[in-house]
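Participant: Letter by letter, the chains look like this.
2 protein chains.
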Amino acid sequence: MSELLVVGSVAFDTLHNALGTHEKVIGGSATYASIAASFYAPVKLVGVVGTDFPDAMVQKLRERGVDTSGLEVAEGQTFHWEGKYTDDLTSRESLRTDLNVFADFDPKIPEAFRDAPYVMLGNIAPELQISVLDQIRQPKLVVADTMNFWIDGALDALKRLLKRVNVLVINEEEARQLSGKHHMIQVANALLEMGPSTVVIKQGEYGAWLFAGEDVFSAPAFLLEAQDPTGAGDTFAGGFLGYVAAKDSVDPKTLRSAVIHGSALASFCVEGIGPARLLEIDRAAIDQRVSAFRSLVDFAHA
Amino acid sequence: MSELLVVGSVAFDTLHNALGTHEKVIGGSATYASIAASFYAPVKLVGVVGTDFPDAMVQKLRERGVDTSGLEVAEGQTFHWEGKYTDDLTSRESLRTDLNVFADFDPKIPEAFRDAPYVMLGNIAPELQISVLDQIRQPKLVVADTMNFWIDGALDALKRLLKRVNVLVINEEEARQLSGKHHMIQVANALLEMGPSTVVIKQGEYGAWLFAGEDVFSAPAFLLEAQDPTGAGDTFAGGFLGYVAAKDSVDPKTLRSAVIHGSALASFCVEGIGPARLLEIDRAAIDQRVSAFRSLVDFAHA
Chain A
3 MSELLVVGSV AFDTLHNALG THEKVIGGSA TYASIAASFY APVKLVGVVG
53 TDFPDAMVQK LRERGVDTSG LEVAEGQTFH WEGKYTDDLT SRESLRTDLN
103 VFADFDPKIP EAFRDAPYVM LGNIAPELQI SVLDQIRQPK LVVADTMNFW
153 IDGALDALKR LLKRVNVLVI NEEEARQLSG KHHMIQVANA LLEMGPSTVV
203 IKQGEYGAWL FAGEDVFSAP AFLLEAQDPT GAGDTFAGGF LGYVAAKDSV
253 DPKTLRSAVI HGSALASFCV EGIGPARLLE IDRAAIDQRV SAFRSLVDFA
303 HA
Chain B
3 MSELLVVGSV AFDTLHNALG THEKVIGGSA TYASIAASFY APVKLVGVVG
53 TDFPDAMVQK LRERGVDTSG LEVAEGQTFH WEGKYTDDLT SRESLRTDLN
103 VFADFDPKIP EAFRDAPYVM LGNIAPELQI SVLDQIRQPK LVVADTMNFW
153 IDGALDALKR LLKRVNVLVI NEEEARQLSG KHHMIQVANA LLEMGPSTVV
203 IKQGEYGAWL FAGEDVFSAP AFLLEAQDPT GAGDTFAGGF LGYVAAKDSV
253 DPKTLRSAVI HGSALASFCV EGIGPARLLE IDRAAIDQRV SAFRSLVDFA
303 HA
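Line order of the protein sequences matches chains A and B. Its first residue numbered 3, the first sequence is counted upward by one per residue in our numbering. Its first residue numbered 3, the second sequence is counted upward by one per residue in our numbering.
Isolated chain A, as found in the complex (with noise of 0.2 Å):
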């Protein structure tokens, strides 16, 4: 087993659903990713807070293994992200998004976690996610999330991010759209491309592609009634590197795997509001559900 590095948010988010309006639930790219990562192996996490974040969820963080050390508190409010989704869960509108604190984060990766093997650079602007890499030592395997609005207004940093991620997780939409294809197989060489060797497509409620170098896997989709999507693309991609960090390979029968506890918490995570599912189950359950994901896609070859 081996340890990982989760740079990105930590938020409080206002969140409205077909459920009801759902205030200061705790969110944000890192928090999601450390707690699924945190059922895999030990978790350093770098991120900035404000004085009216509470100590409680720290003190939950770390009861679970992830060093908080990292985590600065600064004069001011928690980053703040209010949105609603239509009631089938299928798309969303932001409502408001308060930088706060966020909008001077400058990460400052702590001597300790400068030989973290495994990174994940949750979603936050392409220029970070390059500085952040500029203070690592010599990783194993770094992974990136990214989104539209990065696409849209920090392209070119963007492309310098992935000429040095080993892993580019990213959703359908954002994958056609950085990669300017429609098909499938040209979008994954599109990305491959730009430098990952590993690209991680999300399909929502259709499941996910793996293309490890010449390896292709399909992850099915887990039918269930959801409640929240937010956080289940940091979900995912903190189980998928927390199982990498716990296995310590990146072989692609490792890389396949992970997909699929990725989804398997991703399946919990939107089972509740914010991260409250992901609190609750342990790590029988997930193992569990991996099986439930393999009697998804069982047959007789005969």
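These are computed hints drawn from the structure, not numbers from a lab. Think of the CB as a built atom: it goes at the ideal place given N, C-alpha and C, for glycine as much as any other residue. A portion of the hints provided could be inaccurate.
Unchecked claim - Label-pair ranges, simulated between beta-carbon atoms:
| hint | chain 1 | residue 1 | chain 2 | residue 2 | range |
| --- | --- | --- | --- | --- | --- |
| 1 | B | Ser133 | A | Gly215 | 53 to 63 Å |
| 2 | A | His303 | B | Glu195 | 47 to 57 Å |
| 3 | B | Gly22 | A | Asp108 | 53 to 63 Å |
| 4 | B | Gly22 | A | Arg66 | 56 to 66 Å |
| 5 | A | Ala192 | B | Asp284 | 48 to 58 Å |
Given chain A's structure and the hints, the job is docking chain B onto it.
Facilitator: Relative to chain A, chain B alone:
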């Protein structure tokens, strides 16, 4: 091994796509389904063509073990459909539909076909599908395909049909339309309540779901550069039922493998214009592709 009856349309298609315009392409739901099923079991075909339909094609079907004695030749022209696909092949527009001899199609099931244990009701008017069932003595498994045209225009007949059908094969959009639900679990439950004990929901470039009573199975999509999706759904259904007939079993395990065989055949279908590619391949090629489907979803559990 057991035999199967296929009832549906036999047609000429004119297809416009990125590769050009293709005229007098052999088409129709019964044609694709028969070709696909013929890889597995003896097929009895019921349909109608005009005097312009080429004998050579009928001969080709016979050589594949398709009994064409139920293929009526009527005075006039064969059913003709003309359609234009978008360059990414994800949608199409019907430019022209000339029913011709198909306008008066009233399927007469020859006496020798009425004991067929496996029945494929291709995508034709639900009233005609019901009339076919009225002529069959004791089918073991009835598979029906349908489309938005009948959901819009013949919903009552379709609902009566569904009470007598064991397996409904339907695409995702039409499944949502027919069930009035969005979420896949709710969609499947609503369709199962309409009568069939098994529902297959085809998701095109996202694979397919099989709901067989309590059993839920996810079939992956197969990534390839498609040329022409015409007939892929009919090919899927024919391959599915052909496999079931060959195994002479309707247990969920058999149905799971049948979905993969149907998917494998559909993946070949789209690789050529019309049924061209299907007419080239052999059973070994299919089995090889089934293995490729398995590799696509295989992962280690540990």
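Participant: Next step is simple, just say for each hint if it's right about the structure.
Facilitator: Structure-based check of each hint:
Taking the beta carbon of each, Ser133 (chain B) and Gly215 (chain A) are about 55 Å apart, inside 53 to 63 Å as hinted. Checking the proposed 47 to 57 Å range against His303 (chain A) and Glu195 (chain B) shows it is violated: the Cβ atoms sit about 33 Å from each other. Taking the beta carbon of each, Gly22 (chain B) and Asp108 (chain A) are about 56 Å apart, inside 53 to 63 Å as hinted. Restraint check, Gly22 (chain B) to Arg66 (chain A): a C-beta distance of roughly 59 Å satisfies the suggested window 56 to 66 Å.
A hinted range of 48 to 58 Å is violated for the C-beta pair Ala192 (chain A) and Asp284 (chain B), which are about 34 Å apart.
Of the numbered hints given earlier, the model fails hints 2, 5; all others are met.
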